[in-house]
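Peer 1: Here is how the chains run, residue by residue.
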Amino acid sequence: MTPLPRWADVVLLPLLNVVLAFLVGGLIVLAVGQNPLQAVGIMLYGAFGYGSGFGYTLYYTTDFVFAGLAVSLAYHAGLFNIGPEGQAYVAGLGVILIGLALNGMHWALVFPLMIVCGALFGAAWAFIPGYLQAKRGSHVVITTILFNFIAVSMMGYIISRILKPEGVNSDESAPLEAITRVPQLRSFIELFKNSPVNLTFFLAIAALFFVYWLIWRTKFGYAVRALGNNPVAANYAGISNQKMIMIVMAMAGAFAAMVAVNNVGGVQGRLILNFVNGAGFVGIAVAFMGKGHPIGVGLSALLFGMLYQGGQELAFQMPGITREMIVTIQALVILFTGAMGDMLRGPLSRLFAQPEPAAGGK
Amino acid sequence: MEQFLVDLTLILDSTVRLAVPLILASLAGLYSERSGIIDIGLEGKLLAGAFAAASMSAVTGSAWLGLLAGIGAALMFSGIHGLASINFKGNQTISGVALNFLAAGLTTFLGQSWFKRGGYTPQLSGDQRFNPITLPFADQIRDVPVIGQIYWELISGHNIITYFAFLAVPVTAWVLFRTRFGLRLRAVGENPKAIDTAGISVTRLRYQALIITAVLVGIGGAYLSIAQSAGFNNNMSAGRGYIALAALIFAKWRPGPALLVCLMFGFLDAVQFRVQGQVFPIIGEVPVQAIQALPYILTVVLLAGFIGRAVAPKAAGVPYTKER
Amino acid sequence: MTGLNPTNEQRSSGAAASALAIELVGINKHFGPVHANKDIHLAVKRGTVHGIVGENGAGKSTLMSILYGFYTADSGTIRVDGVPQNITDSRHALALGIGMVHQHFMLVDNFTVLENVVLGAEDSALLTPTLNRARDHLKQLARDYGLDINPDAIVGNLSVGQQQRVEILKALYRGAETLILDEPTGVLTPAEADHLFRILGKLRAEGKTIILITHKLREIMAITDEVSVMRQGEMVRTLKTADTNPEELAELMVGRRVLLRVEKGPAKPGDVLLEVENLVVTDDFGVPRVKSVSFQVRAGEIVGIAGVAGNGQSELLESIAGMRDQKSGTIRVNGNPLSLEGDDGAGRARLAGLAHVPEDRLRMGLVTNFAAWENAILGYQDKYGDGPGLDIAKARTTAEDYMKKFDVRPASLDLKTANFSGGNQQKLVLAREMERDPDVLIVGQPTRGVDIGAIEFIHNQIIKMRDAGKAILLVSVELDEIRSLSDRILVIFDGQIVGEADPATADETELGLRMTGSHADNVVTEPGTLPEHETPVQQTLVEMSPKDNSARDTN
Amino acid sequence: DGALVYDGGGKFDKSFNEAAYTGAEKFKAEGGAYQDLEISGDAMREQAIRQFASRGNNPIVLPGFSWETALRAVAPEFPDTKFTIIDTVVDLPNVQSVVFKEHEGSYLVGILAAMKSESGKIGVVPAFNFDLLEAFACGYAQGAKSVNPDIEVLETYVGTGFDAFNDPVKATEVAKSQLDQGVDVIFQVAGGAGAGVLQAAADAGKYGIGVDSNQNHLHPGSVLTSMLKRVDVATYNAMKGVADGTWEPGVIVLGLAEDGVGAAFDENNASLVTDDMKAAVEKAKADIISGAVTVHDYRTDKTCDAL
Ligand SMILES: Nc1ncnc2c1ncn2[C@@H]1O[C@H](COP(=O)(O)OP(=O)(O)OP(=O)(O)O)[C@@H](O)[C@H]1O
Ligand SMILES: Nc1ncnc2c1ncn2[C@@H]1O[C@H](COP(=O)(O)OP(=O)(O)OP(=O)(O)O)[C@@H](O)[C@H]1O
Ligand SMILES: [Mg+2]
Ligand SMILES: [Mg+2]
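Chains as they are written, first to last, in our numbering: chain W, 1 to 362; chain X, 1 to 324; chain F, 1 to 555; chain G, 1 to 307.
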């Protein structure tokens, strides 16, 4: 098969795949008697068409970038981290603890500390599976799944029995004061009025650049990739695989933790039950669709942010389309752009193929 | 002592019921992963199977047709998985994740448009469900101490899918280690090139494995909605597909150990329900959340303490290509 | 499903007319932009051994894979026994009586020998009867061809030589009339190779046809009837073996004259640079593999370790390189003992001035998914850049330099290493380790699977390093290589050094005996180690290759 | 037009949200109009309220305490929009808060359970350990103990978080575990998962008690009663009130006195409930309304002596 030109590989093919996903999704929309074109229009409008919608898109994107990086980073080291959901959840504890301790202080002081403290909690929660993998050989896939479950129980107890203040009906911690919260962008930029996107968004952008640099521009990244591709060769190269596994898992947990900064520190200003709300699992899809590359992760996080926000708009505007419909469309996007991403490669490369020089023989 | 035995039998009985969907899903995953295809989509297949089974059963009134529909739905999902990961050589993990999303969305969506109950199917009763079967002599020897109790409570009185699940374990072991198909299955998951150069189609073999996977997990889904409970509701698989996968890895991809691990999960859960709110000597009252997390924590401890490294089928996760 | 017997009849019907077992006409094959086979014509006579030689990447394996139905040709015709056949998959080839032993074995590591042999050729849906029948059949084959092997052994635990026997048994079990062997001796000890050639001789005598791909010209000269030479995807020439000689073949292959012997002056040993004392090393299962070994390597000398594969060489090498925990004993580099605890000992060994060319480049020496430049700094990554950043520009300059010096082709820095041919991969590893100017170099199987042009180059490089005053420890299963490069030979058996020899005077028979556990009284019966009576034959083959003898006599 | 935005469980959860839906449908049947929406995450709450408010929907009914934070943020932005929040109190001039005395209603079904029980053991299955659900459980236990001080009340949770509302399979098993331990009446406080509890009780020939909506019809003859929580009434009243101009901000507490909670009697459970039982319920109801009996609300001090 002739390789595709680079632009076709990077831009055209993914674009066609997204289109394909929407086509199939459109058929389903059609099947329930709705107008798919109108649906797409509403979706795009909802996601990008007005300030607060766009702000929501970016808010979701922030979560997905971090969750996606948590999966990608580990994957570069050959580890399949299914645990960002739990890691982010536990990190919420770190964020709220430091937030409450410094409640009333200016966010400029608290925000960095939330990042650090959240990262520590997230890292600790991910470190344990890392340690067990490195030292005991316990499969990180199982342990991270189990740790998601354990996190739910543990956090449920901590929130409802320890953090919950007197006289509050719902299970949640005391709130942070407005000045202490990570400021929302709407307080600087009028465009984002009413949307929850906050400074953490820029942290996400920075994280993408950072991860790019880390993975492809540092010795550490070199070691991570060596480990992920060939652990024996990594060992041969003088890299301590065990140490790397533990460090990388902890770092992945730290990235997942930023989901907590975004939500606990920025949006809700308190720790509530189940605030991660599946973002960790979306991160798996984001990471794989983005092929672990920060640019890809950024773009697929944006795509999912768009689907989440646009989908909300859709559910609101078209009563015939429910949130499950939107989950279905998301599934199709993952399927066509991620799993079947190469389906169109063959036909496409035939299209691009230059006429072969005469092959000789009979 | 007598009471203890009774309690134990009841706990074990509950263990069996809780373990059945895990066993079926684990075995399903075993076929797929032994053939070299990672199946993180078990969760979605389970859900799709449960939905289709309940819907069909609600419409036709026959649990058996429901079961067939459950298998059918899982087959469709397996088909998509196969297309993505065998034909288009896509990433098996993404494909599985996509299936999980697809199942979550489609089941509720279709359920809503068919039954107008927000994704729930109607309550099922009578022949719409698989009801407990009383084994021969169960009633007669029920009063015999110990043995009667065990036979009546633990062995008899389950639905047909339960018996099927337990039967499926030795059958799987036999297929895997005693038949030509099993030999090829194990080979294709380890080294598909060896299969290819032996003149056997890797693609066909993997599809066969996926079909078996679908049948088993479809039955597991049907168990959830038309045997254990009486109808479908949103996200009713509730993570069981993931737990089954964990059990499979824990069991190092072997049927016997997989059964044991699933039973262990079931047992821990069954015990967990019963010790909630009890006051323990010395420790006092334990937060209910701690007790509920106990099965998972214990698994981690066992895993780290005794199990050691799990080596997956070597080719699992890698699409087979001849030309690099 | 695949009956073994019906196909025999099927074959004989068409066979009568043609004396040619196989005829390939105008075969073309592309892999993307690579034109791996260009209009190839090849005729193989029935009942002969037909050799195919050519540089790495010349297209030999591809051609044979097409014949075996593993790849499909873009164009061209295949005739088997004179009948044109459209071979679409390996099942079809097998049915036509074509069997192939691949360069990289197609075995399932965690299966038993028996299971591997029957895989795909089971005669019933149930395994047990199939296996029982196969067990008998194997016994028969073992008797007929001297292919002894424990049918219940797990293949992954077998030595390469034994694994290869399994591959041959697989082909014979399926009733192969034409047997393709792709570089069968690349990983064999001389004795194992001898054994193989005896088997091939028997098969030929029975009228079977054999196609043999090899880089070792002496093997071509010793066993083939005809030989075809390939270069850059083209079939250059087919010759009668009797009418040609190694020099001519080498020139046809490479397109230039190749020096088929090693030129080296006498060693001038200096200080002890590598010292191993009472070293005990266990394998992953805790079984001791190296049992109290002590030796020294001095500056300016090459010490060769000779032994049958699986006698502890690998563990010894890896332990010295810091990749294994040693049970006890000391390793000193430049007089400094290496602490090897933790799983990053390899890094400390390198810091101490040791470089390591691993035996298995794909498993250990390379990250095949990395680009060439990235692999060029593997193990030395920390030297590139002062802070956490990786100095990519510097790494690329280094890589470019290496690739030029060692003539790595294609000289493309960004090409994935997986896409280089084996020989070029090897050159890259060698360049990386040798150009570091280490005090001590330990080398495992430096020329495994490498074509003769590259062998010449690699040998010269190793000698150059010695002459620059480095201490070199060489492990190779090629006795010839050991003898022609080493200044001293240590014989290893069962994890112990059982003797030392001077390569100039060492007697081949004597060495061979020691390698298998020494003199007559100590015959090893374990499957895979060779029975004693085979040693004289080994000598025969060695004597059949005069060039190699003269090479050894040079100094 | 009114607007109704459901809480996490979704429109058709067969209990809480569905009750709100029923109320809204009743309003619609009488000629009113409303739009509704299901959300898929906490972050959507504010946005959903805003969207409806800016479209001019009035009132906006928000069933569920989880709406509290979002409503506090948004309500001041739309002073002309009327909001009704159910299950918690938001003290703003344009907000009406409707809360229920679940403990009182649960007290009544507890009485029925205790009178029906032959084994002297009854059970309650909340979705998970959660204050609101504990209030049900605690009221239930108090009611039961008022009839039979020695009765044993088992409490077992389905799961650990909101997911538990959607796990009828596990709920079935939890119920079975209680039945195994000799329980013969089980009160489900687990939303959608509760179906599993009622099913298990019915399968075993024992009794279940439904929650929120009237669930007696699910297994006629096996569901002893249902603890009604008239979210439908609250929703209907809110929408109707705005239409009539009678809507008032402030807190509305719906207890037994207001018929906001209660035990369901209909033809499906007629055969299960004796006149004695009915009488006992009526008496307790009167006593609670008169203040002769006070039912302890778990939420006030997070303790429950009866349980
Ligand atoms: N599976 C494949 N995918 C892509 N390209 C391939 C593949 N196999 C071979 N090639 C290309 O075909 C050429 C011929 O390769 P082949 O393996 O036939 O060489 P060879 O003569 O066997 O070399 P060697 O002596 O190293 O074994 C190689 O240079 C390579 O570029
Ligand atoms: N994508 C690719 N494009 C071009 N050539 C490739 C590609 N992938 C692999 N090859 C070439 O295909 C050939 C495959 O050969 P094979 O796997 O038989 O071993 P080898 O590397 O040639 O071994 P050796 O040189 O030791 O004989 C190699 O020559 C390799 O360089
Ligand atoms: Mg080759
Ligand atoms: Mg090759």
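These aren't lab readings, by the way, just hints derived from the structure by calculation.
Just so you know, not all the hints are guaranteed correct.
Simulated pairs of lysine-lysine, DSS-like, Cα-Cα distance not exceeding 25 Å [said to hold, decoys possible]:
#  : chain 1 : residue 1 : chain 2 : residue 2
1  : X       : K322      : F       : K240
2  : F       : K45       : F       : K268
3  : G       : K302      : G       : K278
4  : G       : K11       : X       : K116
5  : W       : K291      : X       : K322
6  : F       : K383      : F       : K404
7  : F       : K383      : W       : K219
8  : W       : K219      : F       : K38
9  : G       : K278      : G       : K145
10 : G       : K28       : W       : K164
11 : F       : K202      : F       : K240
Which chain W residues stay away from chain X? Per the calculated CB distances, all over 10 Å, these [unchecked claim]:
#  : residue
12 : L12
13 : G26
14 : I82
15 : L97
16 : L113
17 : G137
18 : V141
19 : I150
20 : S153
21 : V168
22 : K219
23 : A285
24 : H293
25 : G296
26 : A339
Heads up, the beta-carbon is just placed ideally off N, CA and C, and yes, glycines get one too.
Peer 1: Taken at face value, is the distance from the CA of X/K322 to the CA of W/K291 at most 25 Å?
Peer 2: holds (22 Å)
Peer 1: Compare the distance between the alpha carbons of F/K383 and F/K404 with 25 Å, and conclude whether the hinted pair is satisfied.
Peer 2: holds (21 Å)
Peer 1: Would you assess whether W/L97, listed as outside the interface, keeps its beta-carbon beyond 10 Å of every beta-carbon in chain X?
Peer 2: holds (19 Å)
Peer 1: Against chain X, does W/H293 keep a CB gap of more than 10 Å to every residue?
Peer 2: Since the minimum Cβ distance to chain X is about 14 Å, W/H293 lies beyond 10 Å and the statement holds.
Peer 1: Test the statement that W/G296 is away from the interface with chain X: the closest C-beta pair must be farther apart than 10 Å.
Peer 2: Its Cβ never comes within 10 Å of chain X, the nearest being 12 Å, so this holds.
Peer 1: Does W/G137 sit more than 10 Å from chain X, CB to CB?
Peer 2: Check fails; 3 Å does not lie beyond 10 Å.
Peer 1: G/K278 and G/K145 were given as a pair; does the straight-line alpha-carbon distance stay at or below 25 Å?
Peer 2: Satisfied, since the Cα-Cα distance of roughly 17 Å is no more than 25 Å.
Peer 1: Would the pair F/K45 and F/K268 pass a check requiring their Cα atoms to be no farther apart than 25 Å?
Peer 2: violated (52 Å)
Peer 1: Compare the distance between the alpha carbons of X/K322 and F/K240 with 25 Å, and conclude whether the hinted pair is satisfied.
Peer 2: violated (34 Å)
Peer 1: Hey, does W/G26 actually stay past 10 Å from chain X on C-beta?
Peer 2: The assertion about W/G26 holds, with a minimum of 15 Å to chain X.
Peer 1: Any Cβ of chain X at or closer than 10 Å to W/V141, or is the non-interface label fine?
Peer 2: violated (6 Å)
Peer 1: Can you confirm whether the C-alpha distance between G/K11 and X/K116 stays at or below 25 Å?
Peer 2: OK: G/K11 and X/K116 at ~11 Å, within 25 Å.
When the structure is compared with the earlier hints, violations turn up for hints 1, 2, 3, 8, 10, 14, 17, 18, 19, 20, 23 and 26 and for no others.
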